[in-house]
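A.B. asks: First to last, the protein sequences are chains Y and Z.
The numbering of the first sequence is my numbering, which starts it at 2 and goes up by one.
The numbering of the second sequence is my numbering, which starts it at 44 and goes up by one.
Among the clues, some could well be false.
When the alpha-carbon atoms are kept at most 27 Å apart in a straight line, the in silico DSSO-like pairs for lysine-lysine are as follows [stated by the list, open to error]:
#1 K155/Z with K12/Y
#2 K255/Z with K107/Y
#3 K247/Z with K113/Y
#4 K119/Y with K155/Z
#5 K12/Y with K247/Z
Covered stretches of chain Y (chain Z as the covering partner; in silico rule of three or more C-beta atoms under 8 Å from a C-beta of chain Z) [claimed, not checked]:
#6 46-52
#7 81-88
If you are wondering where the hints come from, they were derived from the structure by calculation, not from laboratory data.
Glycine included, every Cβ here is placed at the ideal spot set by N, Cα and C.
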Amino acid sequence: MQIKIDHLTKKFPDTTAVDDFTMEFESGKLTALLGPSGCGKSTMLNMLAGILPATDGHIYFDDDDVTDMPPQKRGVGLVFQNYALYPHMTVLENICFPLEIQKVNKAERIEKAKEMAKLVHVDQYLDRKPKELSGGQQQRVAIARALIKTPRLLLLDEPLSNLDARLRIEMREEIRRIQQETKVTTIFVTHDQEEAMSISDSIVLMKDGILMQVDKPQALYDDPNHTFVASFLGNPPINNLEGIINDAGDFELKDHSATIKLNEKKGIKGEEVILGIRPEAITIGPDFNTKAEILERYTMGKEELANIKIGSAELRVYISVDHDCKKGDVIDLVLRNKGVFLFDKASGKRL
Amino acid sequence: MAEAVLKSKKRSSSGIFNTKWEPLIYLAPFLIGVIIFTLYPFFNIILISFKEGYRQMTGAFQSFGFDNYVHIFTDPYFINALKNTAMYVGFVVPISTALSLFFANLLNQKIKGIGIFQTAFFLPMVTSVTAIGLVWKLMFNDRIGVINAMLGLFGVERIEWLLDPAMNIWALIIYGIWNMMPFTIIILLSGLQNIDPLYYTAAKVDGASSRKQFFRITVPLLAPTIGLTCIINMISASKVFGELFPLFSGRPGTAYNLFTMVYYIYYEFNVARHLGYAAAASIILFIIVFVFTMIQLYVQRRWRYY
Chain Y
2 MQIKIDHLTK KFPDTTAVDD FTMEFESGKL TALLGPSGCG KSTMLNMLAG ILPATDGHIY
62 FDDDDVTDMP PQKRGVGLVF QNYALYPHMT VLENICFPLE IQKVNKAERI EKAKEMAKLV
122 HVDQYLDRKP KELSGGQQQR VAIARALIKT PRLLLLDEPL SNLDARLRIE MREEIRRIQQ
182 ETKVTTIFVT HDQEEAMSIS DSIVLMKDGI LMQVDKPQAL YDDPNHTFVA SFLGNPPINN
242 LEGIINDAGD FELKDHSATI KLNEKKGIKG EEVILGIRPE AITIGPDFNT KAEILERYTM
302 GKEELANIKI GSAELRVYIS VDHDCKKGDV IDLVLRNKGV FLFDKASGKR L
Chain Z
44 MAEAVLKSKK RSSSGIFNTK WEPLIYLAPF LIGVIIFTLY PFFNIILISF KEGYRQMTGA
104 FQSFGFDNYV HIFTDPYFIN ALKNTAMYVG FVVPISTALS LFFANLLNQK IKGIGIFQTA
164 FFLPMVTSVT AIGLVWKLMF NDRIGVINAM LGLFGVERIE WLLDPAMNIW ALIIYGIWNM
224 MPFTIIILLS GLQNIDPLYY TAAKVDGASS RKQFFRITVP LLAPTIGLTC IINMISASKV
284 FGELFPLFSG RPGTAYNLFT MVYYIYYEFN VARHLGYAAA ASIILFIIVF VFTMIQLYVQ
344 RRWRYY
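One chain only, chain Y, in its complex shape (with noise of 0.2 Å):
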């Protein structure tokens, strides 16, 4: 099902939670509502649910306008953070109760549980109490009876955030896999890049309940339009210059102790820019445009990285273990295309 917002918005007393939304949602798809807490994400789940009213704008669930459609007639599943089973019901009677609501019949609405528990691999504790679970099996199980009723969309508000780190690998392949098996269109809602990088098709990142970017993981990593976008997305971080460029088209430090030739000349001058780079986006080697000191280099795991310094800037970047420079050398380098971008100060927009 597809799903459109149109303009939007949510006010609360003292605050705007989203703020003039219009986006499409892709049918069949998996798509991750990323961003800081406070941004709205939540509040935008709970309109799209139904629970909370909109101030203003629509929804579109294919044709229908569901704006003002109470939440049990929008064919929702929804997966609360803390999973909400009934404590008193077992697993089987929590998946069941939706189409008990339903009045499904008993026998029918038991085949029907035990499908889904199967399909979220729960089947074996259909008897047990929800505490009598860890909290991957809780989830799964909440899982199962958002799906029961087989929902137009399937929300989950923030899946994975009580559960160890271990157990989140796991469960956001599971939601993954059990999102491509039924094919429903799912949104989730969450604050760790990570995990909507690597199970959604695509994210919308918000800010502040304004809409920064929709795209594919990929490409919003790739291609920000936002400083923001560049900064909240990328472990380590994006490392953010501020300057000027000159006039020769050059990015120039703030206290002009630096000046870094850029690849790709935007046929500005004089505007306070940030130039944001991505620790991978440099490469080092004799005869380059850059000079910078190492301040610090050390090894996560797999990973080779260091401190420089670019006149007064620093920055963290990867280091090729090929390069046998230590701390305290003066290194050239110069910056890659891809993963250096180029904000307007003022605006944060990309250049």
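Given chain Y, work out where chain Z should sit, using these hints.
C.D. replies: The following block gives chain Z in isolation, referenced to the frame of chain Y:
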């Protein structure tokens, strides 16, 4: 040096301090009170219940055995007291619990001015059962009482609540139900407020009606709390006395027909001066309450699923 330390330690441990008896000194004021006013009377009353013709002043008695028990179980007034108490408990506890659940659920809504309603419902808790009993006595009055006046609007004929022996117990039960509700509502309301509202959101997304939510979510999650109020209310209803006394000006019903367990104990002790009978009746009441409590605790433990 070491000797000095040893010495000073020894000196401080002289007397009762720093021995295993020391905590007893601090506990003594409380323990003495409990022993004098609870433990001693409890065991003494067991003894007295076996002493026939026991006299309070001299401590003399005629024989030691089950005579008092034989007497009360052949006393029609005691049998009547058992029946009345059972009927009172049987009606008051379930009805007041059900009504309290209904009102607690209403009081748990987020609406304007809910504080006023909550206060109004809890107010009876801070009033005196005797004073309110006198008001109810007036309300039950068959000529000028408001209850008959209201029933009259629906065409119900005048009921002699406090005069007709057959109606006496119903007057007591109605008053008892009303009297028990505030406490029950408070406990149930606190139980309701402990239920995560997310369960209701989840149920709403699935389209559960409020009826369905109430019976499939609220009641099961509240079951332990309901069980708790049932135990407490059964115990307190078994001891009904304060409600009875003002309604009939100190008499147990119009024609001595409405003895309750505690009224029987009071009557044998204070009016008839048969201390042995009063003691035996007390022990029977204790056993009944004890057994009820055990059953309830067992059921409640099997009920609690989370």
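A.B. asks: Does each hint fit the structure? Answer for all of them.
C.D. replies: Taking the hints in turn, this is what the structure says about them:
1. Of the pairs offered as hints, the one joining K155/Z and K12/Y holds, with about 22 Å between alpha carbons and a cut-off of 27 Å not exceeded.
2. A C-alpha spacing of about 16 Å is found between K255/Z and K107/Y, which places the hinted pair at or below 27 Å, so the restraint holds.
3. Proposed proximity of K247/Z and K113/Y is supported: the alpha carbons are some 21 Å apart, at most 27 Å.
4. Distance check on the hinted pair: K119/Y and K155/Z sit about 47 Å apart at the alpha-carbon level, beyond 27 Å; violated.
5. In summary, the hint linking K12/Y to K247/Z is supported, as the alpha carbons are separated by about 23 Å, within the 27 Å threshold.
6. Counting residues of the region 46-52 of chain Y whose beta carbon lies closer than 8 Å to any beta carbon of chain Z gives 3, which reaches the threshold of three, so the coverage claim holds.
7. Proximity of the region 81-88 of chain Y to chain Z, defined as three or more residues with a beta carbon under 8 Å from a beta carbon of that chain, is established by the 5 residues found.
Hint 4 from the list above is the single one not met by this structure.
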